[in-house]
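Engineer: Using the sequences provided together with the hints, build the complete structure.
Chains as they are written, first to last, in our numbering: chain Y, 31 to 482; chain H, 7 to 342.
Quick caveat, the hints were computed from the structure, so don't treat them as lab data.
The C-beta atom is built at its ideal place from N, Cα and C for all residues, glycine as well.
It is possible that some hints are incorrect.
[Said to hold, decoys possible] Label pairs and their calculated CB-CB ranges:
1. Y/N233 <-> H/S161: 45 to 55 angstroms
2. Y/K294 <-> H/S236: 53 to 63 angstroms
3. Y/T246 <-> H/P158: 52 to 62 angstroms
4. H/E102 <-> Y/P293: 53 to 63 angstroms
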Amino acid sequence: MTDVTASRPLSERTQLIRKNLRRRHMSETIFRALGLLAIIVALGFVALLFADILRKGVPAFTQSNLHLTATFDPEIIDVGPPPGRIAGQSEAEFRAASLKWQREVAMLNWNKVVEASLRALAPAGYEIAAKDLLTIPETDARHRLREMFVADPSLLGQTVKVDVLASANADNWIKGNIDRSLPDSQQQLKAPARALIDQFVSNGTISMGFAWSLLTNVDSRAAPASSGLLGALVGSLYMMLIVIVLAVPIGVAAAIYLEEFAPKSRLTDFIEVNINNLAAVPSIVFGLLGAAVFINYMHLPISAPLVGGLVLTLMTLPTIIIATRGALLGVSPALRQAALGMGASKTQMVFHHVLPVTFPSILTATIIGVAHALGETAPLLLIGMKAFVASVPATPLDQATALPVQIYLWQGNENRNFFESHTAAAIMVLLVLMIALNGIAIFLRSRLERRA
Amino acid sequence: MKIALYASVAALALAGLSTAAVAQSRDTIQVAGSSTVLPFASIVAEEFGAAFPEFKTPVVGSGGTGGGLKSFCEGVGDNTIDIANASRKIKDSEREVCTSNGVTDIREVQFGYDGIVFASATSGPDFALTPLQVYKAIAANVYVDGNLVPNPYKSWNEVDAALPAQPIALAVPASNHGTREVFQERVVAAGCEEAALPEGHPEDACTAYRQDVVIEISGDYTETLARLKSDPNTVGVFGLSFYEQNTDTLKVATVNGVVPTKESVAAGEYPVSRPLYFYVKGQHIGVVPGINEYVQFFLSEAISGEGGTLEAAGLIPQPADKSAEVLAAYEAGPTQ
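Structural biologist: Printed below as a string of structure tokens:
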């Protein structure tokens, strides 16, 4: 057969087709190659980004701990016993007395206790100035000791083992974040302190451990090594709760009304166009709106998660409305007609039959909307959430920061060597949360869709 | 779908609650302003929270001296800040805005000093600058042979043969920073005066910077540092305390032959230094708890005095009697 085709002279038409075919095949190959290249480039950038963040951030998850043996020397801790409850004393009087005692304890020079325990650990006769010696532990070591003493005043005169954090500069030195070959004038720590740290590392007085403080502490500038994300995590959590509680019911209700009940008129068309526009409004505009309406007009507190949550709700609403409307539109008319045919009212049809089918889509839209809101920074900066907050917000009305804002704040911290890795670590925490939220969305969607 | 109904009711209740909560007064001191003062104020806030268990830890924001004083002067009440950090004195124009918004009791507290330094990448050459050289390098127009011409200098050694042959690029804080004003006053204006411009020179001869080599930074010093990293030829203007925390990447320039250190600034030898302040809204004292205690704590020997916590963080302390005088003035009432 091949012989026959080969021997017969090709007609002009076949030749044309062959030529054309080769060109078509060629263009397909090129398009495929370009598509593949695009994906490789995109993945390459993602990999580069992740590799860079991981390279910088992973070291921040280990932290150098200093194992002290502290003596609560009565010579230094020159304070009376804590006030006991005297008969006939009112609650307020007792509280005032114990606050006064706590104040006295706070005014003691706890650094002397820290210094003494460090000297005990250093080789006998090691020459180092007290000022330089105190650059080795983080400055919150004295607060740790004080808190221990306030909690248990019977420690007076006793010697206990305490683990404190090494200072940010000591941590930099140990991890090599600062070039070890730099001359003295360019080093943050004095030569005797650096040598002592190296000795402590080799004899196990300083050991590396997982940096729990990153997740369990609030931000700190006085003691950079102890700074953590807890305050920001709680702030973000409050805001996400507010977004879920406000945006989901309002968004779904608006979508149902617009899609199922509202008469089709110019007004509803106008509203629809505006909702689509709102979804495309840059987030910083919502921040300006939030500052003008919630803070200046409604007098809500500045830097509070409540205001942040309200602003992010406004930002998330259009996303949820549009997604819900799309889902409602996708429900088959047969389902509606069957429900109506069985005598259901319109409300019953919507709530009993249509809405349950759209549940997976609404849930996915909500989770993705919330994940987007979690990473939003610009509007929060405008409502004053970029302040330094050193406490965990107890309610959504207390001052707080949010995770992305904390990243922004750490990025601007003046101790670059230490906070560069801390910033990357905070980014990793945020990314893990994002990926987890998106994972939940995918999981729920596939499960609920299978069931539906 | 009862859940949805309950959720909406809960949402409305929450919205109502939040409005009700506004009536309740704030119990956390709110501070904002200068990014130079920010690290110091944050440390004091934390220590204050630790030392005074009955008060909440103050919240410290940034925004630059100008930004801080702007929100300080917005009015009196819970959603305005109590304290504005400033790396320069409050201007008369700002006082006027304050007064017109009802902020009449403004108390000034000076708590220490900071130096302003020129620093460059450690890989580059050493700089020994004088105000005159800086003025000549960045003025928009300069006099060459008696004629006012657009600034012709491309590299530092054209300004002065003693300087390195490096293209001129200077990153200075933008006008929202108090540092900018001090830089203008202590460096550029001083250099301009030294240049002894001829009679009848244009009014802005001392204040107009050329835009081709001057980079205005409106963010924090980390942004200036990032500039230096991307272009190692840039010379940046920093606070002394920032430089001291980054000595591994920055090299400092001498001004008039004096190396900026805490000692040389405290002794008044280094020419470019300024006092640091914060301003307290007197009308909030007694309304927001802890303001007086915060001020006393800030000015105490253990915090801002010699050998105190803030000195370790880079502050140049003021003499104890100066602090006592400032505290007495603060307690006496509004400063005018």
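Engineer: Indicate, hint by hint, whether the structure satisfies it.
Structural biologist: Hints and how they fare:
no.	hint	verdict
1	Y/N233 <-> H/S161: 45 to 55 angstroms	holds, 53 angstroms
2	Y/K294 <-> H/S236: 53 to 63 angstroms	holds, 56 angstroms
3	Y/T246 <-> H/P158: 52 to 62 angstroms	holds, 60 angstroms
4	H/E102 <-> Y/P293: 53 to 63 angstroms	holds, 56 angstroms
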